[in-house]
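K.L.:
Chains as they are written, first to last, in my numbering: chain S, 6 to 235; chain A, 32 to 427.
Derived from the structure by calculation, the hints contain no laboratory data.
Hints may be right or wrong, so weigh each one.
Stated by the list, open to error - Calculated pairs, DSS-like style, for lysine-lysine (alpha carbon to alpha carbon, straight line, at most 25 Å):
id	chain 1	residue 1	chain 2	residue 2
1	A	Lys396	A	Lys351
2	S	Lys37	A	Lys221
3	S	Lys228	A	Lys397
4	S	Lys37	A	Lys397
5	S	Lys228	A	Lys221
6	S	Lys83	S	Lys215
7	A	Lys205	S	Lys228
8	S	Lys38	A	Lys221
9	A	Lys63	S	Lys195
10	A	Lys205	S	Lys38
11	A	Lys205	S	Lys37
12	A	Lys63	A	Lys270
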Amino acid sequence: MAVDMELEAVLRAPEIPQAKYPPKVITLANSKKMVVREAERRDVPILLKAVKPTMEIDRDFYDIVGARLYAELLGWYKHRVRNEYCLIGQIDGYVVGIVNGRMVNKDIGMSYHTLALDRGLRVGSHLFASKMEHHIEYLGQKEVWITAESPIGFRRWMIEYGLLEQEGIQHELGGANSYKLTREIYFETKPRLVAGTRPVPKRLLEQAEKEILVADEETITEKICGVKGR
Amino acid sequence: MRDVAIIGVGMIPFGRRDEDTLLDMLAYASLKALDDAGLGDKSVDCVYVANMGAGILQHQTSVASALVDRLSLIPAAADAVENGPASGASAIKNGLLAVASGYYDTALVAGGEKMREVVGWKATDFVATMTHPEAEYPYGITLPGMAGMFTRLYMEKYGVTREQLLAIAIKNQKMGALNPYAHVEMVITKEGIYDSPDAVVNNPVAADPLHLYDMCPVSDGAAAVVLCPLELAKKIAPKSPVLIAGFGQATDTHTLQERDDPTDLKAVTLASQQAFEMAKLKPKDIDVAELHDAFTILEIAESEHAGFFKKGEGGKAAEKGETSIGGKLPINLSGGLKARGHPVGATGVAQIVDIVFQLRHELDKKRQAKNAKNGFTINFGGFGNNIVAFVLRRVE
Numbered sequence: 006m007a008v009d010m011e012l013e014a015v016l017r018a019p020e021i022p023q024a025k026y027p028p029k030v031i032t033l034a035n036s037k038k039m040v041v042r043e044a045e046r047r048d049v050p051i052l053l054k055a056v057k058p059t060m061e062i063d064r065d066f067y068d069i070v071g072a073r074l075y076a077e078l079l080g081w082y083k084h085r086v087r088n089e090y091c092l093i094g095q096i097d098g099y100v101v102g103i104v105n106g107r108m109v110n111k112d113i114g115m116s117y118h119t120l121a122l123d124r125g126l127r128v129g130s131h132l133f134a135s136k137m138e139h140h141i142e143y144l145g146q147k148e149v150w151i152t153a154e155s156p157i158g159f160r161r162w163m164i165e166y167g168l169l170e171q172e173g174i175q176h177e178l179g180g181a182n183s184y185k186l187t188r189e190i191y192f193e194t195k196p197r198l199v200a201g202t203r204p205v206p207k208r209l210l211e212q213a214e215k216e217i218l219v220a221d222e223e224t225i226t227e228k229i230c231g232v233k234g235r
Numbered sequence: 032m033r034d035v036a037i038i039g040v041g042m043i044p045f046g047r048r049d050e051d052t053l054l055d056m057l058a059y060a061s062l063k064a065l066d067d068a069g070l071g072d073k074s075v076d077c078v079y080v081a082n083m084g085a086g087i088l089q090h091q092t093s094v095a096s097a098l099v100d101r102l103s104l105i106p107a108a109a110d111a112v113e114n115g116p117a118s119g120a121s122a123i124k125n126g127l128l129a130v131a132s133g134y135y136d137t138a139l140v141a142g143g144e145k146m147r148e149v150v151g152w153k154a155t156d157f158v159a160t161m162t163h164p165e166a167e168y169p170y171g172i173t174l175p176g177m178a179g180m181f182t183r184l185y186m187e188k189y190g191v192t193r194e195q196l197l198a199i200a201i202k203n204q205k206m207g208a209l210n211p212y213a214h215v216e217m218v219i220t221k222e223g224i225y226d227s228p229d230a231v232v233n234n235p236v237a238a239d240p241l242h243l244y245d246m247c248p249v250s251d252g253a254a255a256v257v258l259c260p261l262e263l264a265k266k267i268a269p270k271s272p273v274l275i276a277g278f279g280q281a282t283d284t285h286t287l288q289e290r291d292d293p294t295d296l297k298a299v300t301l302a303s304q305q306a307f308e309m310a311k312l313k314p315k316d317i318d319v320a321e322l323h324d325a326f327t328i329l330e331i332a333e334s335e336h337a338g339f340f341k342k343g344e345g346g347k348a349a350e351k352g353e354t355s356i357g358g359k360l361p362i363n364l365s366g367g368l369k370a371r372g373h374p375v376g377a378t379g380v381a382q383i384v385d386i387v388f389q390l391r392h393e394l395d396k397k398r399q400a401k402n403a404k405n406g407f408t409i410n411f412g413g414f415g416n417n418i419v420a421f422v423l424r425r426v427e
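Model the full structure from these sequences, guided by the hints.
P.N.:
The following block contains the structure:
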């Protein structure tokens with residue numbers, strides 16, 4: 006697509022410099038090792054392939070989360086969302102979960118979506134916790150604004166973390182009320198909710214960085230809905 | 032009293048069944064059992080339906096009347112049986128007595144529960160309605176809370192260890208992953224839920240000292256069996272009938288604190304003794320058992336109170352693999368409540384269905400107890416205040 010770079014410069018907003026998220030590895034309940042690391046903008050096309058099948062899964066609001074995440078990643082790829090970042094979880098190279106968010110300003114983070122492509126192992130919870138870790142510990146922010154689109158999300162974020170409801174504050178995703186994670190809440194909950202060790206063993210990190218593998222559509226659907234559809 | 036046999040069994044996969052109503056699930060399991068019994072379109076004389084919570088969770092009562100109508104079994108006699116998490120085995124006991132008495136010749140017993148249409152804490156609250164309405168429930172007690180306190184006492188008195196509880200959780204999830212009817216299809220490891228630094232997040236404390244993976248999931252599901260006199264079974268059953276060789280039922284105080292020793296599950300001991308006595312068997316004669324492991328500690332405690340192991344030895348036996356497939360007494364080869372799931376009204380029936388599979392030698396070798404002839408079940412109501420035990424025997 007031909008682009009008028011003069012106009013593109015207007016449409017492409019300036020960004021706040023962001024600290025990188027240092028990769029870590031989490032041992033899951035089945036002993037599998039999940040590498041959590043920051044995705045690059047150039048990784049978006051392959052991540053979109055992983056997200057696409059979820060847009061047709063009605064279960065647990067995967068369709069709306071998938072559709073919105075797809076749009077957010079595409080927006081990031083095409084420089085239409087400001088200060089966005091994306092973390093991914095990989096097992097044996099395969100992407101098993103994606104989370105994203107953005108910096109509103111240097112003090113406030115906006116949590117966007119958490120998508121687990123493999124379920125039953127707290128992949129989504131671990132990645133959400135990593136996202137909070139990124140905002141508070143690496144981006145150095147004072148608070149993160151969060152909302153939920155599914156009952157599972159509400160239970161995992163609002164209840165497990167004891168987030169503070171923000172009356173009259175609109176989250177960028179709309180819908181339910183906005184809640185916030187403060188630095189105090191984060192460090193209080195960190196011992197029981199934030200997992201992972203650094204540095205990632207060289208072999209695991211090389212495998213993860215070499216290629217982001219995406220399971221086929223049927224496998225992704227099975228992993229989300231259960232092999233037996235339940 | 033006539034000898035009574037199980038001539039047909041049916042079960043649907045447990046888990047989250049958003050698309051099915053409670054009645055749908057009961058009907059599917061019942062049709063499978065009737066088909067398995069070779070009854071096809073033929074009716075049965077009576078129907079017992081085990082269910083604990085439709086009145087609360089679905090705002091629905093009279094499920095037995097609804098089921099006979101759905102299955103076109105009218106004018107069969109129909110009763111619903113509610114005995115908390117032991118409803119399933121209680122319903123089978125009622126069917127057994129109805130047929131053994133000679134009043135009815137064929138009985139369909141179905142158990143079902145639909146628990147996933149409410150959020151987790153509401154399901155926990157619903158289950159807690161079985162606790163004492165003045166002495167326990169108003170103070171916020173839940174069944175996981177009771178199990179946590181029971182576990183702490185059991186650990187202190189009998190030396191049960193976290194490693195022994197882990198052995199139960201890992202074994203049962205491994206077996207559940209092999210069971211097409213099981214809710215939980217995920218294998219877990221000691222590293223992942225205990226040894227690694229991340230285990231504290233993967234397997235958080237739920238009711239100290241019990242952790243997440245010590246608990247059964249909240250499930251939807253249904254199971255059914257068809258009963259008839261043994262003599263009739265030999266003539267009409269298309270598959271090997273399984274004899275209900277013995278049963279026992281006993282109760283205990285409603286509240287835990289009224290017991291002389293809260294770690295002493297007297298009703299489990301009594302119900303088991305009654306079942307063994309009626310069957311003219313001893314615990315050592317049992318080849319395979321399904322015990323009510325809503326919490327990992329219960330598999331250990333029940334295995335001891337039923338007489339399979341001395342007090343303090345059940346956990347050690349589990350840790351050594353004696354209760355695993357190929358062990359001295361394989362327990363919960365279905366995955367138990369821990370992995371098959373625990374739709375409360377269905378559980379007691381599902382335990383019997385799984386033992387029938389075992390005694391018919393129908394399972395894949397990874398789950399089949401070798402040469403199983405005698406099976407045993409415990410369905411645990413309340414917190415040990417209403418127990419039903421069965422001994423089943425393969426009919427050669």
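K.L.:
Can the restraint linking Lys228/S and Lys397/A be considered satisfied, given a maximum Cα separation of 25 Å?
P.N.:
Satisfied, since the Cα-Cα distance of roughly 24 Å is no more than 25 Å.
K.L.:
Does the structure keep Lys63/A and Lys270/A at a Cα separation of 25 Å or less?
P.N.:
Within the cut-off at roughly 14 Å; holds.
K.L.:
Sort out whether Lys38/S lies within 25 Å of Lys205/A, counting only the CA atoms.
P.N.:
Holds, because 19 Å separates the two Cα atoms, which is no more than 25 Å.
K.L.:
Between Lys396/A and Lys351/A, is the straight-line Cα distance small enough, at 25 Å or below?
P.N.:
holds (21 Å)
K.L.:
Below or equal to 25 Å on CA atoms is what counts here, so check Lys83/S against Lys215/S.
P.N.:
With Cα atoms ~23 Å apart, Lys83/S and Lys215/S stay inside 25 Å; holds.
K.L.:
Please work out if Lys38/S and Lys221/A have their alpha carbons no farther apart than 25 Å.
P.N.:
Between Lys38/S and Lys221/A the Cα gap is close to 14 Å, so the pair holds against 25 Å.
K.L.:
Please work out if Lys37/S and Lys221/A have their alpha carbons no farther apart than 25 Å.
P.N.:
holds (12 Å)
K.L.:
For a C-alpha distance cap of 25 Å, please report whether Lys205/A and Lys228/S respect it.
P.N.:
holds (18 Å)
K.L.:
Straight-line Cα separation of Lys228/S and Lys221/A no greater than 25 Å?
P.N.:
Given pair Lys228/S, Lys221/A holds - Cα atoms ~23 Å apart, limit 25 Å.
K.L.:
Decide if the proposed pair is consistent with the structure: Lys37/S and Lys397/A, CA atoms, cutoff 25 Å inclusive.
P.N.:
Answer holds: Lys37/S to Lys397/A is near 23 Å, not above 25 Å.
K.L.:
Would the pair Lys63/A and Lys195/S pass a check requiring their Cα atoms to be no farther apart than 25 Å?
P.N.:
violated (49 Å)
K.L.:
Between Lys205/A and Lys37/S, does the CA-CA distance stay at or below 25 Å?
P.N.:
Satisfied, since the Cα-Cα distance of roughly 16 Å is no more than 25 Å.
The structure is inconsistent with hint 9 alone, although it conforms to all the rest.
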